[in-house]
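Colleague: One-letter residues, chain by chain:
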Amino acid sequence: EDQVTQSPEALRLQEGESSSLNCSYTVSGLRGLFWYRQDPGKGPEFLFTLYSAGEEKEKERLKATLTKKESFLHITAPKPEDSATYLCAVGNRKTSYDKVIFGPGTSLSVIP
Amino acid sequence: DAGVIQSPRHEVTEMGQEVTLRCKPISGHDYLFWYRQTMMRGLELLIYFNNNVPIDDSGMPEDRFSAKMPNASFSTLKIQPSEPRDSAVYFCATQGAENYGYTFGSGTRLTVV
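Line order of the protein sequences matches chains A and B.
Start counting the first sequence at 1063; every next residue gets the next number (the numbering used here).
Start counting the second sequence at 1137; every next residue gets the next number (the numbering used here).
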C-alpha cells in the first residue's frame, strides 16, 4: 500500500535559521513527488515536481531533493513569510496513474 | 485566469439537511478532483473526473455523498443528508496535464451542527 509520512509535524525556526523538512514515501512505482505550500484558510499551492532520484528543484529560498525513499525540502535563511504548512504528495504509475496521495504536512513557523 | 472558483466559502447547516458545494475549474484543465481536509485525516481524495467522466469514486465515504460534472465548466459535490462528522474543508482542484501540479480552489468550510 502506498504511504507518505512527513517529519517533523511542526517546526519553529528563527528568521535566517536554515533547516530541512522530510517526506518519506513507499510506492511500488514512483510517477512523481510533489511539494505544496498551504497558508491558513487557503488551498495548497503547487511548488515542485520531482521525478527521479538525484533530481533537485529550486525556488527562491526553497530547494527540493529526491532519493529512492524520501524527499527533503531545504529552506535556506527563512523569512517570516515562509511560515506555512508544507505538504508532499506522491503518484504511483503502477496503480493510480492520475491521482496522488498526500502526506500529513509539516507546519513551519519562522519567528522574526 | 481567476483560478479554481469554489462556492460557498463557508456553509453552516443543520444535521439532516442537504448541502451542495460548487466548483468552477480552470478552462482547459481536463482533470478535476474533490478533496476533504480535516485535522485528523489530512487531505483525502473523494472523487476525480477526467474530461467530465468520473474515474475513481472510491474515496467517497458513503452513499450520502455524490458528485457530478455536467460539463467542463462546473462540478458539484452533494451531501444528503449531512451529519456532524462531515464537517471539514472541502477543496476542488484541477490539473491541466499529467504530472503537473494541481491548482486548488480556496475551499468550502462546512460545519454541520
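Calculated from the structure, these hints are not laboratory results.
Hints should not be assumed to be uniformly reliable.
Claimed, not checked - Below, in silico cross-link-like pairs of lysine-lysine (DSS-like), each with a Cα-Cα straight-line distance of 27 Å or less: (1) Lys1160/B / Lys1104/A; (2) Lys1119/A / Lys1204/B; (3) Lys1156/A / Lys1104/A; (4) Lys1130/A / Lys1104/A; (5) Lys1214/B / Lys1104/A.
Colleague: Go through the numbered hints given earlier and state which of them the structure violates, listing their numbers in rising order.
Modeller: 2, 3, 4
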